[in-house]
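Colleague: Spelled out, the chains give:
4 protein chains.
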Amino acid sequence: MSRREPVFGWWDAPPFIGELIQSLSGRGKALFGFSSQPVQSRDLTGLAEMILSRRGEVSGAILAEAFLEAYRQASVVERETFMRTLLERFGPDQGILDAAVAAYQAEPSAKTIARLHEAAEPRRQELFRRINFARRGTTTLVEMREHLMDMLGKEPALQPVDVDFCHLFSSWFNRGFLMLRSIDWSTPANILEALIRYEAVHDIDGWDDLRRRLAPPDRRCFGFFHPQLEDEPLIFVEVALTDHLASSVDALLARDREPMDPKDATTAVFYSISNCQRGLTGISLGNFLIKQVVNDLKRDLPKLENFVTLSPIPGFGAWLRDETRAEDSEEVAAEKKLLVARLEGDWPLLDERELDAIRRGMLPLGAHYLLNVRRKNGRPVDPVARFHLGNGAQVDRLNFLGDRSPKGMRQSYGLMVNYRYRLGEIEKNHEAYAENGHIAAMPALRKLAQPVSQEVY
Amino acid sequence: MSRREPVFGWWDAPPFIGELIQSLSGRGKALFGFSSQPVQSRDLTGLAEMILSRRGEVSGAILAEAFLEAYRQASVVERETFMRTLLERFGPDQGILDAAVAAYQAEPSAKTIARLHEAAEPRRQELFRRINFARRGTTTLVEMREHLMDMLGKEPALQPVDVDFCHLFSSWFNRGFLMLRSIDWSTPANILEALIRYEAVHDIDGWDDLRRRLAPPDRRCFGFFHPQLEDEPLIFVEVALTDHLASSVDALLARDREPMDPKDATTAVFYSISNCQRGLTGISLGNFLIKQVVNDLKRDLPKLENFVTLSPIPGFGAWLRDETRAEDSEEVAAEKKLLVARLEGDWPLLDERELDAIRRGMLPLGAHYLLNVRRKNGRPVDPVARFHLGNGAQVDRLNFLGDRSPKGMRQSYGLMVNYRYRLGEIEKNHEAYAENGHIAAMPALRKLAQPVSQEVY
Amino acid sequence: MSRREPVFGWWDAPPFIGELIQSLSGRGKALFGFSSQPVQSRDLTGLAEMILSRRGEVSGAILAEAFLEAYRQASVVERETFMRTLLERFGPDQGILDAAVAAYQAEPSAKTIARLHEAAEPRRQELFRRINFARRGTTTLVEMREHLMDMLGKEPALQPVDVDFCHLFSSWFNRGFLMLRSIDWSTPANILEALIRYEAVHDIDGWDDLRRRLAPPDRRCFGFFHPQLEDEPLIFVEVALTDHLASSVDALLARDREPMDPKDATTAVFYSISNCQRGLTGISLGNFLIKQVVNDLKRDLPKLENFVTLSPIPGFGAWLRDETRAEDSEEVAAEKKLLVARLEGDWPLLDERELDAIRRGMLPLGAHYLLNVRRKNGRPVDPVARFHLGNGAQVDRLNFLGDRSPKGMRQSYGLMVNYRYRLGEIEKNHEAYAENGHIAAMPALRKLAQPVSQEVY
Amino acid sequence: MSRREPVFGWWDAPPFIGELIQSLSGRGKALFGFSSQPVQSRDLTGLAEMILSRRGEVSGAILAEAFLEAYRQASVVERETFMRTLLERFGPDQGILDAAVAAYQAEPSAKTIARLHEAAEPRRQELFRRINFARRGTTTLVEMREHLMDMLGKEPALQPVDVDFCHLFSSWFNRGFLMLRSIDWSTPANILEALIRYEAVHDIDGWDDLRRRLAPPDRRCFGFFHPQLEDEPLIFVEVALTDHLASSVDALLARDREPMDPKDATTAVFYSISNCQRGLTGISLGNFLIKQVVNDLKRDLPKLENFVTLSPIPGFGAWLRDETRAEDSEEVAAEKKLLVARLEGDWPLLDERELDAIRRGMLPLGAHYLLNVRRKNGRPVDPVARFHLGNGAQVDRLNFLGDRSPKGMRQSYGLMVNYRYRLGEIEKNHEAYAENGHIAAMPALRKLAQPVSQEVY
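Protein chains in written order, with the numbering used here: chain H, 1 to 457; chain W, 1 to 457; chain D, 1 to 457; chain C, 1 to 457.
Think of the hints as simulated: they come from the structure by calculation, not from any bench.
It does not matter which identical chain is meant; a pair holds if it fits inside one copy or across any two.
16 Å max Cα-Cα, derived EDC-like pairs, lysine to aspartate or glutamate:
| hint | residue 1 | residue 2 |
| --- | --- | --- |
| 1 | 111 | 88 |
| 2 | 111 | 155 |
| 3 | 111 | 162 |
| 4 | 111 | 93 |
| 5 | 428 | 57 |
| 6 | 298 | 243 |
| 7 | 263 | 243 |
| 8 | 298 | 264 |
Predicted, not measured: the structure shown is a model, and the values here were computed from it.
Isolated chain H (complex conformation) (with noise of 0.2 Å):
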C-alpha cells in the first residue's frame, strides 16, 4: 500500500531554504542580510564558526547546507587548509578547559569530571554533529574524513581531527543502528552498482559475474546499511552454502557448476567480506556482521552446521619473497629458497607429482605464517588473521591452490584458508587472543606449523 508512505524526507525539494542556499552560495553576498559579518559562501572556516555561533542554534540545517556546498566546490588545497584549521582553532577552548582542570584538582568528584569531559570536547564535534542536520550530511562527513585520511601520511598531527570523527562514527554507526538487508538478484541495480565496486577480495567481473553470485538457490549475500546512507552498503559479504568444507574459490565461482538445493546445505562459506566506505575504517562493523549473518543462515536453515570462511593470506606471498631475500635470514631453511625457485612461470600446470612436491613444501611454510610471525604486539602480520581471530574464528585448513586468480597467485601463491566460526567457542577463542594473543587452531595445523619460536615483524 504505497499510499501509506507519504513519509517525505525533510529534504526533497525545500524551496525557500533552496533560494538561501543559492543566494548565498551563488553569489557570494552576506548571508541573510541583516547580518553584520559579511560571509564569503566559499570561506570554510567562516561558514564553520556561524554554525557554531548563536546564528546556528536557529538556523543550523541552512548554514550546514551551505557549508556542504562550499566543501564540495572546495579544491584539494582549500580543504587540507580547512582539515589544518579544525585541528587549531576548532579545539575546546583552553581557558575553559584549564578552569575545569583547577575544579577538578580542587575537588575530584563527579560533577566536575562531568564539567571536565564537557570541557574537554574539542568544539569540531558539535561542529560535526551540526554539519550533520542538512541533506546528506552524514555522507559528507564520511567523505570528509576519507579527505583527511589522505593526508594522515604526511601530516600525522592531524591525528586528533581523525579521533573526532571516530568518536562521532562510533556513535553514530552504533550496531544498535545498522540494518542487515538480504541482497539478490531482486535487489536495485544501483546497489548492486556498488558491490561490484566495492567487492575487494575476489573481483566481480561485471553484471554476469555478479548474477551468478546472487541469483542461484545455494548464494546468499548481505549487507548493512544505515538509515542516512540507504543507497550504500556499508559492509557486505557473500556466502556460498555448500555440503562441504569448500577449498577452492575457483569451484565455488565456476560458470558451469550445478546449484544445490539449500536446504540439504550443512555448510555455508563466507567467502568474501568487503567494507565499503573508507572513511568508516577502523569502525567495527564486521564483526556484527559475521555473527548476525551466521544468526539468521541458523534460523532459515536448521541443517546448516558449520560456518567457515574460505579467505585469502594476503600477506604469505610477501612474506615468503622477503625471507629468501634476506642474506643473514637464519630462518631461511634451503628447502624454502628451492620451494620459491620453483614457483616460476606457469608452476600450477606442473605434472600432478611435481605439484605434490610444492604442496609439500608450502603448507608447513602456510601454517607457520599463519600461527608464528607476528606484530610486535604479539598479533599475526596477516590482516585478515588478526580479523577473524578477533571475532573469535579459529585456524582450520589449508587449501592449496585455492585461488589461481592472477591476484591469488600474487598475494600467496594461490594458497587460501579456511577460518572457522565455531558457535560455543567464539567467546573463549575471543579472549585467549585477546588476552595473549593466543591463537586457536586445529591440531593438523598447529603441528604443521614449524616449532620455531615465533617470528616479529
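Given chain H, put chains W, D and C in place with the hints provided.
Modeller: Chains W, D and C only, in chain H's frame:
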C-alpha cells in the same frame, strides 16, 4: 513490490541468542560455562561490568540482551540502586584521568587534549553505547533516563549520569537522523493511539475526536520519528489550514464545522505541539519540527502566507491569582483585584457588556505577563513563550476566551496567544532574544502591556 | 527503501484529462469540439453509447471518467432509468445474434459456437469493461450493482443485467487476484474503520472493542483485498486462538480475559466472518478465505489441530416461534410450546435447575432445526449452515447460551453452534452435501435431533 | 514502514497443500484416497475434468496446482494433444446449448439471451478461470497461450481456443488493473534484466548500455505491470527528453553525449516500445501506455510540448527490394532501381554529394511507402505505422540514416520516421483512420509521397 523488502531486522527470532539468554536469565548460572566469575542473571552491576569487559567486545549484543532482560525484571529499588552505581562505579578510571591531566598540564597540545577528553569520559557512556547493541536497546535507554529523572528531584547528585544520557541522546537524535512523517487517517492505528496518549495541549477525546483532527482535508499532522523507534513518534504537531488568523481553539475543533479547500488556505495554525518521550527532555526537537513543517507546507500549498500558533498561556492564571493574594505587592492595582473577583463561576456566560469589561481588564494583564514578567535570567516566566520566542517567533495577538475547556479556563481564564513565525525575521528575533532577552512583539501588544519595569520571578 | 516505489498510480493528478472532463461535465458542451453529436454531460445513456463507439476505442479512459462523474451526480431516478436502459438498449445486436444462431444451426462447430457466444454477449459487458478504464472504475461498478440490487425486488426483469455484473465480477475477483492480508493493530486506521462498519456477526462497539479483537497475541484477523480496492477489505474473518473448543462468544470477547501464548494454542475459533461489499453478493469469497486462513495458521502455529467456527443460528428463533404459532402443525409437540413459553423475560437469570430443563428442551430442537429443517431444494433453511456445510464443514456441537447479546437472544435464544473444518474430510463432506444434501454431523448431534422426516420450507 | 506490509501472498509455503500435490504428482496415485476414479498425476485431461467437477468447487486451488505441475512437466507432444482436447472436449455442452437456442427462438428476450450466452460459453473458459486459482496461475495461462500460438500456423482449427484465451485476457488485463511504473537505475535487477531480454526495437547491449538508457537525468522509462505478474513488465517504453525533434537514434544512444537538464526539455521522444509477453498478443496495451506516459510527463515537466516517436520502418527495405525485383511491376520507376543499386556495400560512407542524391531518391519512396502502400483492408502495410496511426498519431518527418545499426540498415536502409501525438487531434485522427483509413500526415510529407493510387498488398 513487497518481495523486495526481504530486509529482516537483525533481531527477528535469533534462536541461539535466545537460548543463551534464557539459560542465563532463567537459571542464573554462569554465562557460557567457561567463565570463572559466575554472574547472577539479575545482577545489573555484574552484567554491566561484563558488557564493558573483554567478553563484551565480542558478545556485546548477547550481553546487552541479558542486561535489558534483567533491567525489565528489576524492581524500582534495584533500578534506583543501579542508577547510584552508575554514578559511583561507572565514572572514568581516575588514575588514567589524573595521568591525562598531568600530561596535558606538562604540554598542552591537541594530542594531550584528545587524550584528556577520552580519559574524562565516564565508563557509563560506553556502557550505554553497548546496551544499544540489543534489540529495543534505544527504547530502553530512553526509559532508563525517565527512571533516572524520577530520582533527580530527591537525589540531585545523580545529575552527572543524566548529563551522559543527554550527551548520547543529543548525538543519536541529531536532526539528521530524524524522519518527518505526515500522520493522517491512513496511518497505522498503533501510532495514532500514541497521539491520543501523548497529546499534551488539547486533550484528544477518543478516536472520533482524533478523526476530526486528522481526516478533514484542511487538517495536517506531522511527527518526527527515529529509525530505531519506528512506532513511536518523538514529537508531533497538529495544524489547521484556514483563511484567517484563528483566535479560538474551540472553533478549530468544533464538531460540525465545514472543512475548506486546502488550496485556498492562507494561514497555517499550529494549534498543538506535543513531546512524546519524557526520556528525551532537553533534546532539541520542536524547533526543527516547526521549521520543517513550515517548509513543507509552503512547498505544497504556495498560497500559504501566515504561519502562526494558537497557543495556551499556561502560567497566566496562577500568576494572576498569586499577584492578587500578595498583600504587599505594589504591582497589584485595584483593577487587577477587581478583575480576578469577577472571574468566578460561569463568568463566560455573562452578557456581552460585562464580558467586554473583563476583556478590557484582562488583555493588558496578559500582554504584561507575556512581555514583562521574567525569570532571573531575563527569560519569560511562561514556558510556551520561552519555546516559541527562543525559536525566533514573535508575540502576535491575544485571544480572549480562545479556549473554554476546563483546562484552558483553569490555566489562563481562557486567554490564548498567537505566536507568528515570519520567515524573514526568525534569525533576527532569535538572536536578539538570545543575546539580551529582547522579545519580538506586535506594536499593539507592546502598547497594551503596562510600561512598568520587568517583574522578576 | 521507499524510493523504490516510484510507482505512481496512472491517475495521479492527470491534468489535461482533468480539464477535458471539467469542460465536459461542467458546461455540458460537446466533447472535444469536433464532435457532430453533442452529448450532455449528464446524459448517462449518451455517454455509454459514446464509450462503446469508435471514439471510445481511443479515448476510453477519458470517456469513462466522464461517465463516472455523471453517474455520481445522477439522481436515484436517473440511475434507475439508466439501469432499465442497460437492459433494453445494451443487450446484443439481435440481427447479428440471429445470424450467428442460423450459422450455428447450419453447421455446428467450434467456430460457429465461438461466433454465437460472442454474438450473444450483451453490449453492456463491454461497456462495463470500458468503464473500468477510469480511476476508481471498479469501485463504482461494484456500487452500480448495489443500486441495481436495490431495484431487483420490485423489478425482477432486470435480472439479466445483474447476470452480466456477476459474470464480470466472477472473473475479476477470481481467487488468483485476491490478496490475503493480516489485519492487526498496526493496520491503517481507515481500513480498521471499515471493519467496524462492516462487522456483521458480533457488532464492534467502537475502537476499544476493536483493539480487544486485534491487539492481543492470541487474536488474528485476515481479509481479502483486491488490487483495485486497496483500502477496502472484501471480506474478513476474526479468529481467536484457544486451548479448548470455545462455546461462548461472550467469553471470547470478555474485557478482562488473560490472553494466552499463541504458540500453545490447539484450536483456532473463527467467531466472525463478514462480507464488506454488498455489490459482490454471490461472488465466492468466504470459502477461499477460510481455507487459506486455515492453511496459513497451520503453517505458522504447528500445534493447531482444531479449526472450528463459533457461529450464530440466525433462523432458529423465528422458526421456533413460527412452529408454536402454527395451529395445525403436527410437529409441534407440547414440550416445544412449553419451552417457548419459558423463554420469556430474563430467563437466562433463572436458577441452574430451571436453566438445565430449558437446555434439555432446546438442544434437541436446535439439532433438529440444523439437520432436518430444509428448503425445497434439500438445503438447510439456516443460511450460516448452508455456507459452512457447502464449504465442507461438519456440524460439531451446540452451545447453550453461547451468545447473550440482545441480537443473539433474539435470533436464537442465545444458542450457538460450532462447525468444524476437518482437513481430511472437507472434500468428501462437500461432495456428499452437493450431490444429495447429506449433512456431516457428530453422531451425538445426530442422535439428539429428533428422527422425524425432514421438514421442508 | 515495512512492518505494515505483513501481507503474505496466500501461496507462501502452504505446507499441507504442498504435501497433497506431492503425493499426487509424485506417485500418480488417486487424489485424496476416497476418490472412485483414480487420476494419473500427468493426465492433463483428467485433471482438467476434475477441476470442472464438483470437487473442483471446493478444492479448486489444490487441483489447479496439480494441473500446473503436470503441465510444466508435460512434453511438447502432450501439450499439443491437450490443446486439441481443449477444442474438442471442452466446448459447451451441446445439448444445453441447443435447448437454449430453441428457447431463444421461441421467445427472444433478455432472459433467453442471457441463458443462450451462458450456454454458448465453452467449458474451457471456466477451466481457465479455475486454473488461475493456483499460484502463478496467470503466468502459466499466458505461457499456455504462447504454446497454442506456436500451433496455430499449422492447425488453424484451434482458433476457437485462442478466442477464449483472448476473451479472458482482455478482461483480466483491463487497463484498470494495470499499474504504470517508472523504471530507472534503482529498479530491481531482475526487472531490468527483463528489459534487456525483451527490448525489441534497438537491442540493449548489456548492462552498461541499459544504464545509459535509464540513469541519465534526461532519460525515462515506463512500463505496465499487472498485480499477478509483479516482476514481469507487460510492455515498456523508453523516452529521451530533448530540446529538439530527434532525427537519429544513434545520436540519442551515443556513449559520450552530455545529458541535459530535464526541466529544460521541450520534446519527449519515444524511441522504443516493446511488448514483453507474446502470450498477450492482441491485448491492447501500447495505446494506453503511450497516452498515460504523455499525461504523466506533461504533469511533471510542464515545458514539454512535443510528443513524438523516433520509429523504425521495418517493412520498407523488403518492400523496396521486392519492388525492384518484380519484373512486371508498373510502379517500379527507373530511379527506384537506380536507388537500390546504389544501396550496396558501405554506402553510408559515400561522400556528402552522393549521399544527398540517395537521400533525394529515398525520401519520396519512404513517404510513398508509409502513406500509399496498403493492405487489402486499407491499412498501411507497415506494422509500426498501423500501431501509431491507429492510436491517433500523425506521420511527421522522415529521417535519412536515422538508424545505422545493422538491423536498421537491413530493415529500412537506415530510414526512420517520427510519428507525432498532438493532444488535441488524437481522437480526430483515430476516428478518420478507423472510419476510412485516412492517414494524418504533415503536408510536406504528403507532397513528397508520389501521388499515385494506393498500392494494395
